[in-house]
Amino acid sequence: MKELILLLLATIFVHNFVFARFLGLCPYMGVSKKISDAIGMGLAVIFVLLMASVFSWFLQYAVLNPLHIEYLQTIVFILVIAALVQFVEMVLLKTSPALYKALGIYLPLISTNCIILAVAILNIRENYNLIKTVVFTVGAGLGFTLALILMSSIRERLELADTPKSLKGEPLAFIIAGLIAIAFFGFSGMM
Amino acid sequence: MTDEVLYGCKVFYAPLSNCSKNMKETVKLGKYLFIICAVAGVTLAVTNYFTTKKIASQKLEVENAALKEVLPVAFCFEVKNNFPKNGYDEKNNIVGYVLKVIANGYSSEISALVGLDRDFEVTGVKILSHNETPGLGSKIAEKSFLSQFIGKFSEKILLKKDAQAGEIDGITSATISSRAITDAIRKNIDEFKKTVK
Amino acid sequence: MSSKKLLNEFTKGIIKENPVLILMVGLCSVLAVSTEVKNAIGMGSAMTFVLLGSNILVSFLRNSIPNKVRIPVFLIIIGSFTTIVDLVMNAYAPAIHKNLGIFIPLIVVNCIIIARAEAFAAKNPVLDSAMDALGIGFGYALVLFVIATIREILGNGTFFGVQLFTGFNPVLIMMLPPGAFITIGLLMAILRSVKK
Chain A
1 MKELILLLLA TIFVHNFVFA RFLGLCPYMG VSKKISDAIG MGLAVIFVLL
51 MASVFSWFLQ YAVLNPLHIE YLQTIVFILV IAALVQFVEM VLLKTSPALY
101 KALGIYLPLI STNCIILAVA ILNIRENYNL IKTVVFTVGA GLGFTLALIL
151 MSSIRERLEL ADTPKSLKGE PLAFIIAGLI AIAFFGFSGM M
Chain B
1 MTDEVLYGCK VFYAPLSNCS KNMKETVKLG KYLFIICAVA GVTLAVTNYF
51 TTKKIASQKL EVENAALKEV LPVAFCFEVK NNFPKNGYDE KNNIVGYVLK
101 VIANGYSSEI SALVGLDRDF EVTGVKILSH NETPGLGSKI AEKSFLSQFI
151 GKFSEKILLK KDAQAGEIDG ITSATISSRA ITDAIRKNID EFKKTVK
Chain C
1 MSSKKLLNEF TKGIIKENPV LILMVGLCSV LAVSTEVKNA IGMGSAMTFV
51 LLGSNILVSF LRNSIPNKVR IPVFLIIIGS FTTIVDLVMN AYAPAIHKNL
101 GIFIPLIVVN CIIIARAEAF AAKNPVLDSA MDALGIGFGY ALVLFVIATI
151 REILGNGTFF GVQLFTGFNP VLIMMLPPGA FITIGLLMAI LRSVKK
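Residue numbers (my numbering), protein chains in the order written: chain A, 1 to 191; chain B, 1 to 197; chain C, 1 to 196.
Keep in mind the hints are simulated off the structure, nothing from the lab. Predicted model only: the values in this text are computed from it and were never measured. Any given hint could turn out to be false.
Claimed, not checked - Dumping the calculated DSSO-like pairs for lysine-lysine here, alpha-carbon to alpha-carbon at most 30 Å:
id, chain 1, residue 1, chain 2, residue 2
1, A, Lys132, B, Lys68
2, C, Lys98, B, Lys68
3, B, Lys68, C, Lys38
4, B, Lys80, C, Lys38
5, B, Lys139, C, Lys195
6, A, Lys168, C, Lys195
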């Protein structure tokens with residue numbers, strides 16, 4: 001149990017997916033302008049991450065490994081993720097229009113988010129069992145959400161500030177991400 | 001993100017297949033997909049076949065090179081999936097052993113190979129992987145630190161600041177990393193000695 | 001097709017539609033891999049290979065791919081090229097393969113490849129698509145190279161593994177994530193002011 005909690009904390013803070021691993025950056029830049037967007041995107045990502053990770057974990061151990069077609073991992077995983085996002089959107093639309101309205105617009109951006117594929121592959125590379133896979137995946141999603149919320153809080157304020165024209169927007173966002181990354185370094189001795 | 005790229009991302013997500021009103025159309029789509037999958041599958045299987053051997057042999061080469069680095073007197077090593085491994089000379093006599101040591105460092109797990117001769121004196125240490133603080137703890141992977149272990153028995157493998165008998169100089173400002181790997185090496189050698197005796 | 005037009009397809013990928021600094025795609029790989037010039041070149045080549053292969057094949061098949069299944073077909077094509085690069089690199093350039101790690105399979109989710117397939121290769125002849133791919137690939141590799149050069153020289157005092165100065169105390173942070181973020185932010189700002 002203790003090991004799982006440590007894994008969770010390590011994934012959220014010490015090896016944060018955005019600030020330490022560079023994963024999940026594309027939507028990060030586009031969606032981190034408003035705090036409400038950030039929270040919505042974060043929740044959608046955690047949801048899709050969980051389903052994609054668990055499903056691809058099963059596929060790897062039930063199909064790819066026994067048949068020794070591990071080299072098909074990339075193609076199989078990406079097709080699964082694309083299909084899953086489609087499916088989630090359809091289900092969301094039919095069962096909970098309210099939830100769809102809140103999360104639905106982020107779904108197209110999520111399937112191309114490298115973080116989904118990355119987490120699915122990392123679960124296999126680190127040889128996690130199913131429980132650790134779930135913990136790791138949730139940690140990744142939470143870390144990503146944390147990064148989004150931090151950035152959007154800062155960027156909301158920045159909109160009102162007077163910044164040089166060429167720095168305005170994305171360049172400044174990256175520099176700020178760099179500063180936050182330095183701050184996150186302080187977590188490294190936590191374990 | 002520009003419109004084109006946003007479009008590209010949305011495209012990625014576009015409907016995989018709509019409900020075909022036409023059974024014939026579904027079959028045609030299915031056939032096309034099947035052909036593409038088959039071609040892709042075969043191409044990849046072939047590529048995989050040709051590269052697998054090379055990948056496996058390279059992995060073996062790298063492993064053997066690492067083993068030889070920590071136990072230079074050995075000619076070849078025991079072929080097994082786990083450690084500890086015996087090292088043999090040309091006449092197949094045991095000349096030493098190689099242990100794999102895992103230590104809990106400051107910010108990561110440190111894994112290392114330790115070579116021992118038949119008297120359990122250290123012949124070499126090689127850090128395989130770590131994620132310690134760059135510029136500080138990462139110095140445990142440098143020759144200047146690791147060479148201290150060569151020629152020592154486990155009784156002396158302690159940080160100087162931890163015990164009188166200790167002969168290992170820790171790295172300045174990286175005591176935790178230094179201590180972690182030093183203690184782990186010592187403990188592993190002691191444990192191993194029990195299994196051989 | 002006129003050679004001037006072909007050349008145009010090639011050069012637009014470098015400044016006007018630079019995939020990293022203007023379109024902002026494939027950022028994950030760029031930041032993670034740009035610690036050493038050697039790795040940057042490896043990644044740039046891998047990316048260009050996949051983009052080229054995908055554009056050519058999609059363009060070649062553009063009249064026969066049924067519209068309704070074009071996305072899975074694109075994914076399978078791009079995924080196949082990515083897997084080929086993965087396997088071949090593992091066999092013949094294992095050191096670089098190890099350094100690039102998870103970012104090789106992640107080539108398949110690089111928005112630009114599928115955006116190009118859908119928006120360009122599916123509608124244009126093979127040679128045009130090939131030039132487009134080479135241009136974008138080169139633009140990508142160029143940015144990677146520049147960032148890696150800055151980070152390796154400042155953060156490690158080396159270039160391509162060769163020690164450049166003696167008695168130089170490297171700016172360690174450049175080799176770490178923060179250095180990557182700050183470098184790319186500044187580069188983007190510079191390119192924007194140059195474009196104006």
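Verification of the hints:
As the CA atoms of A:Lys132 and B:Lys68 are separated by approximately 35 Å, the hinted pair breaks the 30 Å bound. With a C-alpha separation of about 21 Å, the suggested pair C:Lys98 and B:Lys68 falls inside the 30 Å cut-off, and the hint holds. Taking the CA atoms of B:Lys68 and C:Lys38, the gap is near 27 Å; set against the 30 Å cutoff, the hint holds. Only pairs whose Cα atoms come within 30 Å are accepted, and B:Lys80 paired with C:Lys38 is rejected, the gap being roughly 34 Å.
Using a Cα cut-off of 30 Å, the hinted pair B:Lys139 and C:Lys195 is violated, with the two alpha carbons roughly 44 Å apart. Between A:Lys168 and C:Lys195, the direct Cα distance comes to roughly 14 Å. Compliance with the 30 Å bound is thereby established for this hinted pair.
Violated hints, in rising order: 1, 4, 5; the structure is consistent with all others.
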